[in-house]
Every structure is written in structure tokens, then in C-alpha cells.
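Enquirer: Each chain, letter by letter, is given below.
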Amino acid sequence: MPGQLKIYPHMFLHIDMDAFFASVEQAVNPHLKGHPLIVGSRANKYHTVVCAASYEAKALGIDSGMNTREAFQICPQAKFVAANSARYIFTSERIFELLQDFSPNLEYVSIDEFLVGLEGQENAKPLEVAKKIKQAIKKRFFITCSIGIAPTRILAKLASKINKPDGLKVIAPADIPGLFEGMPIEKLCGIGPSLKRQLNSLGIITLKDLFDTPEELLSSHFGKVGHWLYEAVRLNYDLPVTFFNTQNKPPKSISHSYTLARETSNNERIFAWIRLLSEMVSERLRRQNLEAKTVHLYLLNLDQNRGFSRQKTFGQATSDGYELYKRCRLILGPNKGINFKVRAIGVTASNFAPIEDLFLFNEQAKRYRLLQAQDSINSKIGEWSIFPAQIMQAGRK
Amino acid sequence: MFNPKARWDRELPQNPNELLDEKISVYAFFDKGKIIPQHFVWKNNIHKIKQTTYFWQERQGKELISFFSVDTGSDIYQLSFNNTTFGWRLDRLISSSAGPT
Numbered sequence: 042m043p044g045q046l047k048i049y050p051h052m053f054l055h056i057d058m059d060a061f062f063a064s065v066e067q068a069v070n071p072h073l074k075g076h077p078l079i080v081g082s083r084a085n086k087y088h089t090v091v092c093a094a095s096y097e098a099k100a101l102g103i104d105s106g107m108n109t110r111e112a113f114q115i116c117p118q119a120k121f122v123a124a125n126s127a128r129y130i131f132t133s134e135r136i137f138e139l140l141q142d143f144s145p146n147l148e149y150v151s152i153d154e155f156l157v158g159l160e161g162q163e164n165a166k167p168l169e170v171a172k173k174i175k176q177a178i179k180k181r182f183f184i185t186c187s188i189g190i191a192p193t194r195i196l197a198k199l200a201s202k203i204n205k206p207d208g209l210k211v212i213a214p215a216d217i218p219g220l221f222e223g224m225p226i227e228k229l230c231g232i233g234p235s236l237k238r239q240l241n242s243l244g245i246i247t248l249k250d251l252f253d254t255p256e257e258l259l260s261s262h263f264g265k266v267g268h269w270l271y272e273a274v275r276l277n278y279d280l281p282v283t284f285f286n287t288q289n290k291p292p293k294s295i296s297h298s299y300t301l302a303r304e305t306s307n308n309e310r311i312f313a314w315i316r317l318l319s320e321m322v323s324e325r326l327r328r329q330n331l332e333a334k335t336v337h338l339y340l341l342n343l344d345q346n347r348g349f350s351r352q353k354t355f356g357q358a359t360s361d362g363y364e365l366y367k368r369c370r371l372i373l374g375p376n377k378g379i380n381f382k383v384r385a386i387g388v389t390a391s392n393f394a395p396i397e398d399l400f401l402f403n404e405q406a407k408r409y410r411l412l413q414a415q416d417s418i419n420s421k422i423g424e425w426s427i428f429p430a431q432i433m434q435a436g437r438k
Numbered sequence: 166m167f168n169p170k171a172r173w174d175r176e177l178p179q180n181p182n183e184l185l186d187e188k189i190s191v192y193a194f195f196d197k198g199k200i201i202p203q204h205f206v207w208k209n210n211i212h213k214i215k216q217t218t219y220f221w222q223e224r225q226g227k228e229l230i231s232f233f234s235v236d237t238g239s240d241i242y243q244l245s246f247n248n249t250t251f252g253w254r255l256d257r258l259i260s261s262s263a264g265p266t
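For the record, the sequence lines run as chains H and V. First residue of the first sequence? That's 42 in the numbering used here, and the numbers climb one at a time after it. First residue of the second sequence? That's 166 in the numbering used here, and the numbers climb one at a time after it.
Just chain V, with the same shape it has in the complex (with noise of 0.2 Å):
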């Protein structure tokens, strides 16, 4: 079903695989403000984070959500943290180890 406000999600991938949307349970610090995700579980594998590359929020309604780009070493991910739901979402796959996407 068209909704208006798909015309900003554009960062939608154009591969579908590159889509997650999946609940995931995210190991991370709560410092000063400051949100550091650690690790995170999916599919039964705990991922490492090496480093995250990028941080943004963005308010959807009444909700804030905080997104992170993280790298495993092999892969880039995004996570995202709603503030209000205190839960995280494997968004998506930004890029794999067999290089950029």
C-alpha cells in the first residue's frame, strides 16, 4: 500500500537482502547521555563491534530513535534504539566483507 511518507524512505535498498528489519537484543553502554553499543545478538551468533562509524536520530511521531552504523570488522550494519520502547532492530545490512554495496 503507497503511504505518502515512503518518498523519504529512501534509503530503502534496492536489494531486498540487504533489508533485516529484525528485533535483536543489543549488549551496549548507557553513558552521560551517551548510547555505545557493544554487541549484539542475531541469529543465534553474538556480533562484536568493533567500531560504530555513524550516529543520527530522527523523531517519528512521538517516538525518537537513535541509529547506529556499526562495524563488525567483516561487516556494516545498522542498529537503531527507539527511546521510547527501549528496544532495538537489526535494520539492515550496509555492507558485507566481500566489499561495498
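Chain H on its own, in the form it takes in the complex (with noise of 0.2 Å):
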């Protein structure tokens, strides 16, 4: 019935940053404090994606995943730093354990985001916990973040979003629904730009309308989603929590994609990145003591929306990068080439088994000692001291 909600114990912390890497970087060097910064993923500012722009670059309509050609058309006086991935790893690191010292009951939720729970905290108070949060990572790190405190960690990561950035936001059981009115859908975390579309067509179009729809009507179109859609803006439904003190689940997925600075229909080089980023993905699932049956190759042509994206479940786990590569092949087609210039290439592997080192042929056992010495020696000396020939490729223009 609208209208309903269920009043829950304990409540939710969303910790957001803001623009993360561009505030990072404005942090480093204060010169770029107050100027439409933008962050690329690549050192070559004209042929790279924005992967964070700071809120005077937001403001401007610059935001991730824009191509930086086009970001600099909108603001050719934007400044430029490229994206230096160990600040932020170190940065977000920190910060998890600066929120240790809050709540035993915490989340990764991302590199940027974080989830604090205050369950079993009976004498915190939310606003107090947020406040003391905010003042403790705008006085370490020279950042802020916008937190969001709410009953069910989906409205506290939508209440995150309210009020950005610097933002303060609590969402009572009591705010609601009038605190849906006039808010996009697509504010609700889940409701991608598929499903918003989907929504609309049927007059949907704020959270409120969302609120005051029928059950059946969500259910007749969405099925299970339009149950879960009913369910969430009533306080009824929430997605799962995996706290850091209960985290010991091996992920469900390992990939690596990159995205190149040209496009290219050069076969050898095309190839020599899979071979790179399932030699990436093959070593993650090493160090976790992983083997994937599933392997999905994707390649796309970023400006003519065209590509090839499919997977394929193979009867035998592996953890090899060769392995992996020419699975890979295997998926694109044997023997086939790439007949479109390819610009973002992404492998991933699923469907995981624990690592068996009991081989029945001498040469599987061979050549798992030698990944175990190229894994050792990379370790020690750093990573990509030692790889495999074929990746010399992938750096040919």
C-alpha cells in the first residue's frame, strides 16, 4: 500500500567524495583550486577520456567518460593533469582505515565511496558520526566528501547525492514521499539510462511517481525488478551489505580494460592487448587463488557504436594468461581477425573454482611452477619486471 514504510533500527552512512581524483590533484597542487579542472586517464590531454572533472569543470557540462577532445571544445582554458592511479589507491586506502576508528561496521563500496554502518552503536548518534567524519578527512587528506545518512544504504547513497558537494543529508523515514518530489528516477541507485527509459514510457518520471505507481503495474512490466522498484522507495527492500569484518567472499569477477589512445585495426596490436589484460586478470586470480571457466572478450569502436562483446564457458578452469588469451581467440573466432578499428578492449573472467595443483600431465604442472616463478619475480622486483614477449606489441603505434 503507498504510504507505508517500515521504521528500521539502525541507520546507514554514504560516504561519497567529491570529484575525487580532480580534488586529489587539486590537493597536490593548490594552483589548480578554483579553475575547470580536468583529469585524464592518459598523459596525452587531446587523446584520452576525462576520468574526473572538478565541480567548476562539472559546472560547465564536463563529466567523466566524456572524450577530452570534446571537453575541451566546451572549455579550451580547462587545465589538464593526468590521472595518477597510487594517489588515489593510497588516498581511498587511508580513508578506510580513518573510518575504523567510527564504526567496526563498514564497506568498500568503491575507490570513492565508502559505507558505514551504525548497527549495534546504540549511543551514536548519525549527524554527530557524519559531522566528526567530514571534519576528520577534510583535515588529513585537504578533501571533502558528501555523506548521506539514511535508514536503508539505497536512500542513504541517494541522500549522499542531494546535497554535493560538502553535503550533509538525512533521509527519516518520515521525509518520504515528499522528499521524492520532483527528483529523477535516475537519482535511485539501480535505475540505469535502459531502465529509465523504460520508466518514463510509462509516465514515471520522479522518484514520487515511482512511489505512488501500483505494484502490479511495476510487477505486469518489470517482473521481479518492479517488485524490487516498489519495494525500495518503501523502505522495504535494500540491497545486500557485506561489511569489511565479514568480507571473506571471493568476487564473482575479475576483469581489466583499457582503453586505447587511437583507434587501430592493426591485428598484432590488438592482440597484444588481450594478451596484456589476461595476463592482468590471470594474475589477480593467481594472487586469490582463483581459476576462471568463463571468459568475456569485448571490443568497441567508441565513436562508430560499433563492436563485439561474447563469452564463452569452457569445460576446464584456468589461471594461465596464455591460457586465457587464446580463449579469448577462441571467443573472436579461430583463425578470424578484427575486420573494425577497435578503440577500448576489455577481458573478464568468471564462473570461479579454487586453484588445484594436482595435474595429470607433467607439462600442466611445468608450466604452473613457471607462472609460480614469473608471479615470484614480479613480486619482488615489481610488477611487469618479467612478461611475456608478446606484449611488446601492444606498445607499437
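Just so you know, these hints were derived from the structure itself, not from any lab. The hints are all genuine.
In silico PhoX-like links for lysine-lysine, alpha-carbon gap of 20 Å or less:
{"id": "1", "chain 1": "V", "residue 1": "Lys215", "chain 2": "H", "residue 2": "Lys180"}
{"id": "2", "chain 1": "H", "residue 1": "Lys99", "chain 2": "H", "residue 2": "Lys74"}
{"id": "3", "chain 1": "H", "residue 1": "Lys179", "chain 2": "V", "residue 2": "Lys199"}
{"id": "4", "chain 1": "V", "residue 1": "Lys199", "chain 2": "H", "residue 2": "Lys180"}
{"id": "5", "chain 1": "H", "residue 1": "Lys421", "chain 2": "V", "residue 2": "Lys227"}
{"id": "6", "chain 1": "H", "residue 1": "Lys249", "chain 2": "H", "residue 2": "Lys228"}
{"id": "7", "chain 1": "H", "residue 1": "Lys202", "chain 2": "H", "residue 2": "Lys249"}
{"id": "8", "chain 1": "H", "residue 1": "Lys202", "chain 2": "H", "residue 2": "Lys175"}
{"id": "9", "chain 1": "H", "residue 1": "Lys367", "chain 2": "H", "residue 2": "Lys377"}
{"id": "10", "chain 1": "H", "residue 1": "Lys205", "chain 2": "H", "residue 2": "Lys180"}
{"id": "11", "chain 1": "H", "residue 1": "Lys237", "chain 2": "H", "residue 2": "Lys265"}
{"id": "12", "chain 1": "H", "residue 1": "Lys377", "chain 2": "H", "residue 2": "Lys353"}
{"id": "13", "chain 1": "H", "residue 1": "Lys334", "chain 2": "H", "residue 2": "Lys353"}
{"id": "14", "chain 1": "H", "residue 1": "Lys367", "chain 2": "H", "residue 2": "Lys334"}
{"id": "15", "chain 1": "H", "residue 1": "Lys205", "chain 2": "H", "residue 2": "Lys173"}
{"id": "16", "chain 1": "V", "residue 1": "Lys197", "chain 2": "H", "residue 2": "Lys180"}
{"id": "17", "chain 1": "V", "residue 1": "Lys215", "chain 2": "H", "residue 2": "Lys74"}
{"id": "18", "chain 1": "H", "residue 1": "Lys228", "chain 2": "H", "residue 2": "Lys99"}
Examples of chain V residues toward chain H, derived with CB under 10 Å:
{"id": "19", "residue": "Gln216"}
{"id": "20", "residue": "Phe220"}
{"id": "21", "residue": "Arg224"}
{"id": "22", "residue": "Gln225"}
{"id": "23", "residue": "Lys227"}
{"id": "24", "residue": "Glu228"}
{"id": "25", "residue": "Phe232"}
{"id": "26", "residue": "Ser234"}
{"id": "27", "residue": "Gln243"}
{"id": "28", "residue": "Ile259"}
{"id": "29", "residue": "Ser260"}
Quick caveat: nothing in here was measured; it's all calculated off a predicted structure. Even for Gly, the Cβ is constructed at its ideal location relative to N, Cα and C.
Please assemble the complex out of the two chains, which come individually in their own frames, going by the hints.
Expert: Take a look at the structure:
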């Protein structure tokens, strides 16, 4: 029934760093503060994508994922820096450590988002905790965050987006559905462009429209998703939470992707990149003692909206980069080349099983020992100190 | 020579003049687990550090490298300290007095 809400006994704090990469770069170089700033995924400023934009750049319409050429057309005087992942990873990990002082119930949502649960901390006042977190982050890292507080993690995430940047918003059950008035449905976590289009076609534009839509109508159009939408806006459904102290499940998939500086149809080079990404995926598989049966490959031409995306499950699981590469080639089609210009490449492994080091054939055992030796050298001297020669082709123009 | 690690060395500046990569002497306090650089000597000049604007670390194989972006008042530089060799390097000029790079 519309309007019925379940009262939750605890609150979630969703911490969303404000324009994280750009804010870190502005802290590193204070001369960049107050300027439209583009953080590119690569140093070549006209041949890369925007991986973060400062609020000054966002105000002009520049946002993540945009081609930098397009971004500089919007704002030719924008400042540019290349992303430095080590800085962001280090900062993100230190923020996560800092949050442990506030609650043991933490989830690493992404590199720039964290979830704090106040379950079991009856005396903790969510608003006070949030203010202290904001102060601590600003004092130590010279950057700001926005925090959303709500009885479910879905709404806490929504709340964190409301008063950005440096925002703080509490959503109490009594605020609903009034708060949803005029709020576009895509603000709710889980509603992507495709679902938004479908909901809009039914006249559901705002979260208030969604709240007022009968469950039967949503379920008849969207099945289980419709039921989820109906319950989520009533606080009766939440995304599962995996707090850090209970987090020991293996990942569902491991993937790596790369956007080339320029599109290419040079098959040798594309295959070399597939090999490099396969080796990166396999190294992470071995580090987690996992093997994968399913391999997914995608090749995209971003400008022409053309591409190839397919996955295949094999009988035998593997954690060998060469084997993953060979499987990618099989997915493409045996002896088949690529006849379109490729800009982005991605390799994903899934359907995991633990590595079994019992081998039927001596060759397999030798190969396994070789990979162990390669991992051991790379972990001692530095990643990619030793790598398959085929990968050299990836560096060719 | 191409090295796949270059994929992550995205901070390499477009302008090669910004890349310094020189061994230098740094006067620093090591206090309660913190490294606080005070000034560094480069090209026979002493550059006093007014402020460390940011600090981060990166593990490179077995070595842990501590990075510092430091403001000398006119310029911002990146220094690094190798926790294994105890050596300091002047990595790059982040921003010059002429304004942001």
C-alpha cells in the first residue's frame, strides 16, 4: 500500500568523496583550485577520456567518460592533469582506515565511496558521527566528501548525492514520499539509462511518480525488478551489505579493460593488448588462488558505436594468462581477424573455482611452476619486470 | 622500449621539461613514523619547503616509495623517498611560479 513505511532500527552513512581524483589533484597542486580541471586517464591530453572533472568543470558540462577533445571544446582554458592511480588508491585506503575509528561496520563500495553501518552502536548519533568524519577527512587529506544518512543503504547513497559538494543530508522515513517530489528516478541507485527510458515511457519521471505507481503495474512491466522498485522506495528492500569484518567471499568476476589512445585495426597490436589484459586478469586470479571457466571479451569502437562482445564457458578452469588469451581468440573465432577499428578492449574472467595444483600431465605442472616463478619475480622486483614477449607489440604505434 | 608497466605511469608529463628525475639531498625530520621534508638541495641551491601539500606511498616490488608534493612558495615539486635505499629523488616539477602547468 502506498505510504506504508517500515521503521528501521539503525542508520547507514554513505560517504561519497567529492570529485575525488580532481580534488586530490587540487590538493597536490593548490594552483589548480578554483579552475575547471580535467583529470585524464592518460597524459596525452587530446587523446584520452575524462576520468574526473572538478566541480568548476562539471558546472560547464564536462563529466567523467567524456572524450577530452569534446571537453576542451566546451572549455579550452580548462587545466589538465593525467591521473595518478597510486595517489588515489593510497588516499582511499587511508580514508577506509580512518573510518574504522568510527564504526567496525564498513564496506568499501568503490575507490571513492564507503558505507558505514551504525548497527550495534545505540549511543552513536548519526549526524554527529557524519560531521566528525567530514572534519577528519578534510583535516587529513584536504578534500571534502558528501555524506548521506538513511535507514537503508539505497537511500543513504541517494542522500549523499543531494547536497554535493561537501554535503550532509539525512533522510528519515517521515521525509518520504515528500522528498521524492520532483526528484528524477535515475537518482535512485540501480536505475540506469535503459530502465529510466522504460519507466519514463510509462509516465514515471520522478521518484514520487514511482512511489505512487501500484505494485501490480510495476511487476507486470518489469517482473522482479518492478517488485524491487516498489519496495525500495518504501524502505522495505535494500541492497545486501557486506561489511569489511565479514568480507571474505571471493569476487564474482575479475576484469581489466583499456582504452587505446587512438583506434587501430592492426590485429597484431589488438591481440597484444588482449594478451596483456589476459595476463593482468590471470595474475589477479592466481593471487586469489582462483581459476576461471568463463571468459568474456569485448572490443569497441567508441566513435562508430560498433563492437564485439561475447563470452564462453569452457570445461576446464584456468588461471594461466596465455590460456585466457587463447580462449579470447577462440571466442573471436578460430583464425579470424578483426575487421573494424578498435578503441577499447576488455577481458573478464568469471565462474571461479579454487586452483587445484594436482595435474594429470607433467607439462601442466611445469607450466604452473613457471607461472609461480614469474609471479615471484614480479612481486620481488616490481610488477611487469618479466612478461611475455608478445606484449611488446602493444607498444607499437 | 615498451614496458606494460608504462600503462600505469600515467603521471608522466606531456612536457618533458617537467620531468626532473634527479638524485638530491633532502633535509627532513623523521618523527613518530612521519617524514617531514624541510628543504632540498638542487643545482647547488637550497630550496626551502614551505608546505607539503600532499603525501602518498606506492609499493614498487619489495620497495616502498613515499611521495611528497612540496610547495617552495614559487614552485611545486614532487619528491620521493625510497624506504629501502634511503635515497631521495626530485621527480618532477608539478607547477611553476608562472602558474599551473
